[in-house]
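Participant: Here are the chains, one letter per residue:
2 protein chains.
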Amino acid sequence: MTGFGVANLPYGVFRRAGEEPRVGVRYGDGVLDLAALADDGLIEDPSGALAQPSLNAFMAQGPRAWAATRERLQRLLSGVDAEPRLIALDDVQLLLPFAVADYVDFWSSIHHAANSGRIFRPDGDPLPPNWRHMPIGYHGRSGTVAVSGTPVRRPHGQSHGSDGPVVGPTRKLDVELELGFVVGTPSALGEPVAVERALDHVFGVVLLNDWSARDMQAWESRPLGPFTGKSFATSISAWVVPMAALEPFRVPGDAQEPAPPAYLREDPWALDIALGIELNGESVARSNGRHLYWSVAQQIAHLTANGASLRTGDLLGSGTISGPEREERGSLLELSWNGAEPLTLRDGTQRTFLEDGDEAVLRGMAGTGDDAVALGEVRGQVVG
Amino acid sequence: MTGFGVANLPYGVFRRAGEEPRVGVRYGDGVLDLAALADDGLIEDPSGALAQPSLNAFMAQGPRAWAATRERLQRLLSGVDAEPRLIALDDVQLLLPFAVADYVDFWSSIHHAANSGRIFRPDGDPLPPNWRHMPIGYHGRSGTVAVSGTPVRRPHGQSHGSDGPVVGPTRKLDVELELGFVVGTPSALGEPVAVERALDHVFGVVLLNDWSARDMQAWESRPLGPFTGKSFATSISAWVVPMAALEPFRVPGDAQEPAPPAYLREDPWALDIALGIELNGESVARSNGRHLYWSVAQQIAHLTANGASLRTGDLLGSGTISGPEREERGSLLELSWNGAEPLTLRDGTQRTFLEDGDEAVLRGMAGTGDDAVALGEVRGQVVG
Chain A
7 MTGFGVANLP YGVFRRAGEE PRVGVRYGDG VLDLAALADD GLIEDPSGAL AQPSLNAFMA
67 QGPRAWAATR ERLQRLLSGV DAEPRLIALD DVQLLLPFAV ADYVDFWSSI HHAANSGRIF
127 RPDGDPLPPN WRHMPIGYHG RSGTVAVSGT PVRRPHGQSH GSDGPVVGPT RKLDVELELG
187 FVVGTPSALG EPVAVERALD HVFGVVLLND WSARDMQAWE SRPLGPFTGK SFATSISAWV
247 VPMAALEPFR VPGDAQEPAP PAYLREDPWA LDIALGIELN GESVARSNGR HLYWSVAQQI
307 AHLTANGASL RTGDLLGSGT ISGPEREERG SLLELSWNGA EPLTLRDGTQ RTFLEDGDEA
367 VLRGMAGTGD DAVALGEVRG QVVG
Chain B
7 MTGFGVANLP YGVFRRAGEE PRVGVRYGDG VLDLAALADD GLIEDPSGAL AQPSLNAFMA
67 QGPRAWAATR ERLQRLLSGV DAEPRLIALD DVQLLLPFAV ADYVDFWSSI HHAANSGRIF
127 RPDGDPLPPN WRHMPIGYHG RSGTVAVSGT PVRRPHGQSH GSDGPVVGPT RKLDVELELG
187 FVVGTPSALG EPVAVERALD HVFGVVLLND WSARDMQAWE SRPLGPFTGK SFATSISAWV
247 VPMAALEPFR VPGDAQEPAP PAYLREDPWA LDIALGIELN GESVARSNGR HLYWSVAQQI
307 AHLTANGASL RTGDLLGSGT ISGPEREERG SLLELSWNGA EPLTLRDGTQ RTFLEDGDEA
367 VLRGMAGTGD DAVALGEVRG QVVG
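So the sequence lines, in the order shown, correspond to chains A and B.
Going by the numbering used here, the first sequence opens with residue 7, and the numbers climb by one from there.
Going by the numbering used here, the second sequence opens with residue 7, and the numbers climb by one from there.
If you are wondering where the hints come from, they were derived from the structure by calculation, not from laboratory data.
For clarity, every value in this text was computed on a predicted model and none was experimentally measured.
Idealized CB from N, CA, C, for every residue including glycine.
Please note that the accuracy of each hint is not assured.
[Unchecked claim] Stretch-level coverage of chain A by chain B, calculated; a stretch enters the list once three of its residues show a Cβ under 8 Å from a Cβ in chain B:
no.	segment
1	23-30
2	46-56
3	136-144
4	195-201
5	221-231
6	265-275
[Said to hold, decoys possible] Pairwise CB distance ranges (calculated):
no.	chain 1	residue 1	chain 2	residue 2	range
7	B	Ala265	A	Glu383	44 to 52 Å
8	A	Asp362	B	Ala268	50 to 58 Å
9	A	Glu202	B	Glu361	46 to 54 Å
For reference, chain A alone in the conformation it holds in the complex (with noise of 0.2 Å):
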């Protein structure tokens, strides 16, 4: 399957049946047992973590033993050393990738909030004020990170009526286009994470469908942010992508006027991943990483910058990746221009937000041919 070549190789965990959840690693169509390749020599992991339910422990190793592993692995599979043990993913269930210390979503596509400003302050400027000084972003719910393929039921909540608050289902469903970064190696408290050392502390990425009620959202945010608007359910791919993989596909960024404070400055650098969503198998939107205005790096230094430590499995969310261009828009919200412009489907049936029994999708693929590096998909289906 293309994007899941040797320039791939990305980790997750698997669980067979009957047998204990341990880390994988995908290959083609088939998972690549770690455990039981160290088990036989081939790779070696002396403190047990690719043994482990999560991936924790093997990004709290840092980036050498991340290249080691990777390494070893590319030459195992190249066919140098013996033949590796490969399970049909068919035969196993994915499991969430590592356990999630803290989510942090931030907000870093100019467009997304831009359009965002637009369709809620449309008399205003459309970027507050803060927007181009530093990453916006705010804490999510931890636990409710959910593997991809996860049903998101569809969640009840207050919303603002015309005659004061309404409870019940949310008829603001939708779905948020997002990478999301994940921390393997933690800092100290007190300590801020340089902008140029920031990536030391990156494992990989997942693709993150953030979730969002968005009449709940409007109704419960001032002034405190996004509460329970967001935090029934977040989904990421099951698969992390090593940054490693993500190397060739690092482009420059779009210049940032103003230029940032000292503690943000670097230069603008994004990562060139075609990245789309479908609704019902049905494609509605594509998109691109390179849309960030800021990096996940700038996203650390600003992070730590008052001294917050980084943990091993941190998550860090993008925030909505929208692009320039109308069919670029990475959420619902966007594209129906909340409601207003309804999107028509395949099968005729129009569309706002999501209905009950809708499945949606993110994809994302860096590159072409064989040395295309795909993320694992975001697969979610609504229950009313």
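Chain A is already provided as a structure; the job is to place chain B on it using the hints.
Facilitator: Frame of chain A, contents of chain B only:
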């Protein structure tokens, strides 16, 4: 020491030099070594939860197990059984008592919320339109929750200057006097916890100082809420007071007008706990748990109404607890009215916000005499 008799028996985690951390209970000026009591067969601990370096395994066992252990400890300490093992407090180090899962900070004191409104929106309604309809909250950073005694380094960050953003150490470092409710029993994803069942999930209460950098918070919060202005540190007491110990101090709460939606409706109640802030040994504010408008049961019902699950170790901050009187303000923001009305300390110096070297201590006490129940102090010194 008053407040730590058999009526209290709060749980914590301690370490003696050269030994592994384990669960203890504070009794007077000593600590009962629960793992040792279990080894001696004086209390039951078949799963070894009390020999763990955090309370989480014990907290996950649920109300029946908590009640059984508490009853057994009260009998032991009443001298009916063998003399228990007691270690002097001076001989132990107190650690963070539990691994924090998600940290949610609410905003449930009406006097605090209204004071904030009067300070920041002097021409508007002191309360935002949603405030009386639901307990407003947001997620905080669980990775920077620290035990009492941990120094707090003055955070650096961005704030709004007359000529654009300014980067540097906060000039408005503040304390927030809060109660923190600790979740023991988890709940299932997708299944809201009814308000009348919510307390089944609450293991106990800590005092909580939600350190805040007001200038950073003000600049970053629009529109996604507090982030780096809060995430650098949250301090909690070393002792978790069981809900059972506070049951005698449950009092009727203020009427809620308008009546909240059905999923939040209960007979209003609160906990009569005298609270105070000391700055460099001098009392600068007193307040009371009675001044909470929203109960922890309502907070849990609201938090889970959208299907979000509770995990063992979730920490629910009440938000700053202020009373109606001037001296009952639970933050320096309110006590100094955002700097407009400096406090004069006994030593003749003035304070608007915290200075380097200042030590803040939060205290809490329910009742008096032998039946009193003390919350452990929350102490923290500002390091420049």
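Participant: Hint by hint, say whether it matches the structure.
Facilitator: Right, here's what the structure says about each hint:
1. Counting residues of the segment 23-30 of chain A whose beta carbon lies closer than 8 Å to any beta carbon of chain B gives 0, which falls below the threshold of three, so the coverage claim is violated.
2. Here's how the segment 46-56 of chain A fares: 0 of its residues keep a CB closer than 8 Å to some CB of chain B, so the rule of at least three is not met and the hint is violated.
3. Counting residues of the segment 136-144 of chain A whose CB lies closer than 8 Å to any CB of chain B gives 6, so the stated coverage by that chain holds, three being the minimum.
4. With 3 residues bearing a CB less than 8 Å from a CB of chain B, the segment 195-201 of chain A meets the requirement of three and the coverage assertion stands.
5. For a cut-off of 8 Å, the count of residues in the segment 221-231 of chain A with a CB near a CB of chain B stands at 8, and the three-residue condition holds.
6. Interface restraint, the segment 265-275 of chain A with chain B: holds (3 residues with C-beta to C-beta distance below 8 Å; minimum three).
7. Between alanine 265 of chain B and glutamate 383 of chain A the beta carbons are some 46 Å apart, a value that agrees with the proposed interval 44 to 52 Å.
8. Checked against the given bound of 50 to 58 Å, the beta carbons of aspartate 362 of chain A and alanine 268 of chain B, roughly 23 Å apart, lie outside it.
9. Between glutamate 202 of chain A and glutamate 361 of chain B the beta carbon distance is about 33 Å. The supplied range of 46 to 54 Å is therefore violated.
Consistency note: the structure conflicts with the earlier hints numbered 1, 2, 8 and 9.
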